[in-house]
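Q: Residue-level listing of the chains:
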Amino acid sequence: MLKELAKFKGFSAKNLPKEEPFAPGHRACQGCGEVLALRLALKALGMNVIAVSATGCMEIISSPFPYTSWRVPWIHIAFENAAAVASGVEAALKALKRKGRFPKNRRVDVVAFAGDGGTADIGLQALSGALERGHDFVYICLDNEAYMNTGVQRSGCTPYGAMTTTSPPGEKSIGQMTWKKNVPAIAAAHGIPYVATATPAFFLDLMNKVKKAALVNGPAYVHIYSPCPTGWGSKGEDSIRLARLAVETRIFPLYEVIEGKYYITRKVTKPKPVEEYLKLQRRFRHLTEEHIREIQQRVDAEYERLLRLAECL
Amino acid sequence: MGKRIAKEVSIAVAEAVKQCRVDVIAAYPITPQTHIVEHLSELVANGELDAEYITVESEHSAISACLGSVATGARTFTSTSAQGLALMHEILFITSALRLPVVMVVANRALSAPISIWNDHADIMAQRDVGWIQTFAENGQEAVDLVYHAFRVAEDRRVMFPAIVNIDGFTLSHMIEPIELPDQEQVDQYLPPFKPRYKLDPRKPISIGPVGIPEIYTEAKKAQDEAFKNAYRVIIKAWDEFEKIFGRRYRPVETYRMEDAEVALLIMGSLAETAMTAVDRMREAGKKVGLVRIRLWRPFPLRDFVRAVKGVKMLAVVDRALSPGATGGPVAVEVRSALYQVPGRPRVVSFIAGLGGRDVTVEDFEEMADKAYFYLKKKPKESYEMIGVKE
Chain A
-8 MLKELAKFKG FSAKNLPKEE PFAPGHRACQ GCGEVLALRL ALKALGMNVI AVSATGCMEI
52 ISSPFPYTSW RVPWIHIAFE NAAAVASGVE AALKALKRKG RFPKNRRVDV VAFAGDGGTA
112 DIGLQALSGA LERGHDFVYI CLDNEAYMNT GVQRSGCTPY GAMTTTSPPG EKSIGQMTWK
172 KNVPAIAAAH GIPYVATATP AFFLDLMNKV KKAALVNGPA YVHIYSPCPT GWGSKGEDSI
232 RLARLAVETR IFPLYEVIEG KYYITRKVTK PKPVEEYLKL QRRFRHLTEE HIREIQQRVD
292 AEYERLLRLA ECL
Chain B
91 MGKRIAKEVS IAVAEAVKQC RVDVIAAYPI TPQTHIVEHL SELVANGELD AEYITVESEH
151 SAISACLGSV ATGARTFTST SAQGLALMHE ILFITSALRL PVVMVVANRA LSAPISIWND
211 HADIMAQRDV GWIQTFAENG QEAVDLVYHA FRVAEDRRVM FPAIVNIDGF TLSHMIEPIE
271 LPDQEQVDQY LPPFKPRYKL DPRKPISIGP VGIPEIYTEA KKAQDEAFKN AYRVIIKAWD
331 EFEKIFGRRY RPVETYRMED AEVALLIMGS LAETAMTAVD RMREAGKKVG LVRIRLWRPF
391 PLRDFVRAVK GVKMLAVVDR ALSPGATGGP VAVEVRSALY QVPGRPRVVS FIAGLGGRDV
451 TVEDFEEMAD KAYFYLKKKP KESYEMIGVK E
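Residue numbers (this note's numbering), protein chains in the order written: chain A, -8 to 304; chain B, 91 to 481.
Hints may contain errors.
Label pairs and their computed distance ranges (CB to CB) [claimed, not checked]:
no.	chain 1	residue 1	chain 2	residue 2	range
1	B	T145	A	A176	19 to 27 Å
2	B	D219	A	G209	52 to 60 Å
3	A	L297	B	Q274	51 to 59 Å
4	A	S119	B	G415	34 to 42 Å
By construction, these hints were calculated from the structure, which means they are not laboratory data.
For clarity, every value in this text was computed on a predicted model and none was experimentally measured.
Each residue gets a CB set at the ideal place from its N, CA and C atoms; glycine is no exception.
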């Protein structure tokens, strides 16, 4: 275990921070799982934070001038460069502390937020560069599995079979024709100290992982599964249920990669069938039984692979 | 006062950046900018410059990191050329609109295709409207002096705009010239520490880069434009102050032998020195030719320019970039528009020369001046003309 994490006891229902760095009154859709993840992540990080956002839902809904939901310093530049902007913030803090122009012992966590498009697609290069350079920052991908802000177009993180406005099912297509890009594995391949997956359904787990990501020295990556009723065609009140089902069906396993070692943080011994998860969402309703079998097989195989990683390493 | 010593211009520029006590540098290698950033990384590596050097994975990330850095309150520098500058394009607008005073040296180079590492102004002309302060250096001393000036102006609280110093790739960046680097105390006297009014600091949280709904977007742009135009005064004052401390005088527009000129060549950048030789030779032959050089390209120094060309019959604008299908080279178009409302304005002829590293010789300048004389009698057929094209 990393020594930076040795003293961290973890959050519980009794010691939750009182501060809400992300203020209510924002303009997210009803039942938005992403803004919930964002709020929880910031709650875990606290007020000594500088936040960078990529363009996307969270940026739009939180900053309609002259209003802002950000009670911590926040900057938004563009879509593809959250990791690069965060690199600059981190480097500046380092230089200013060294030169005595910022209190040396004041801990400030630099955090970058981006959606799945801003992470897996257009922002992947900037993310890779920042991870490889070893900046001490946290990168949080809020993954709602498509470009929701522009009207539900497919991304590299859209799951196989899902209907989006640019992966419509038709006679020659079942919808999204590719399997979800494994961004946590890509992040882990950089040899960074901390990688984790989380969902707002297990909120203490989410907060603990974000906090650990901040505590480690060097880059950390947290991939947060974020249900989107608008884009998925699900009920607003089902967002947490979906986030839970994604884990219980093994579609979105919860794990950590600490110094290259995989730890499954929530073992799913008796998985529910993927169908239970798929049937709650309009984006999957065109799928046949055969497609669902195909998805089930893939999910089983991926989970096996993850188990082996956790055992071997 | 420092000593005048022979130095490669890129090295001198890097030394000047060091003297400005930058906190953060983020840069990606591209020819012919490389010597500047290589020397800076050397200075950081051997402890002569106390700064963070971010070896970003692209120019897009270079400028993005610069924005993050300067927003956090650190003095920040980058440098690039050609394709690299083009890759930064998107973020350049955001830099100026968010009033983040990054300073960048561009070693000007042709844009691909065909791929060319050699000098012209295509790269920077494509960035005309990004809202950065833009100056052009003629020689090594000026390149260095414009760096101190850029930081001083950009970070001034009345300005808070990013600034680009243009130096011609290779033909200036790689020249070895006698350059005087001032003493550190003089630079410190000229350039106060960077203290932005607003920055990213948890002790006083602010939000930077919010959504601009239609009800406020126009007003935001109007405010930006007014502030940018007002930067002109600070730019001039910073040159006045520069003269007091360093003894060298800079103005937005320079003239050479313009007293009674009928025909004037107009140019930006290091080719002006060749053009001066041409002017001297033509003067010897009894032709009333002069030279105008624009040092400050943005904000455009309209009054200084109009004053400089007063009484001239024909202005021959020598552009180092092509704007395909336009009514002239980018500078010529600007200048024609600037003169349109001026009574008794000179005629303007547009030449495109020196693309992709093609030499522009003294003879070429003489040819252009002669053509300008000729066009006083007979109108040119085309709205612009490329010089030195092999048949």
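Q: Could one say that the CB atoms of L297/A and Q274/B fall in the range 51 to 59 Å?
A: Roughly 58 Å apart at Cβ, these two residues keep to the hinted range, so it holds.
Q: 34 to 42 Å was suggested as the range; check whether the CB atoms of S119/A and G415/B agree with it.
A: holds (40 Å)
Q: Honestly, do T145/B and A176/A meet the 19 to 27 Å range at C-beta?
A: holds (25 Å)
Q: Within 52 to 60 Å or not, the Cβ separation of D219/B and G209/A?
A: violated (40 Å)
Hint compliance for this structure: hint 2 is the single one not met.
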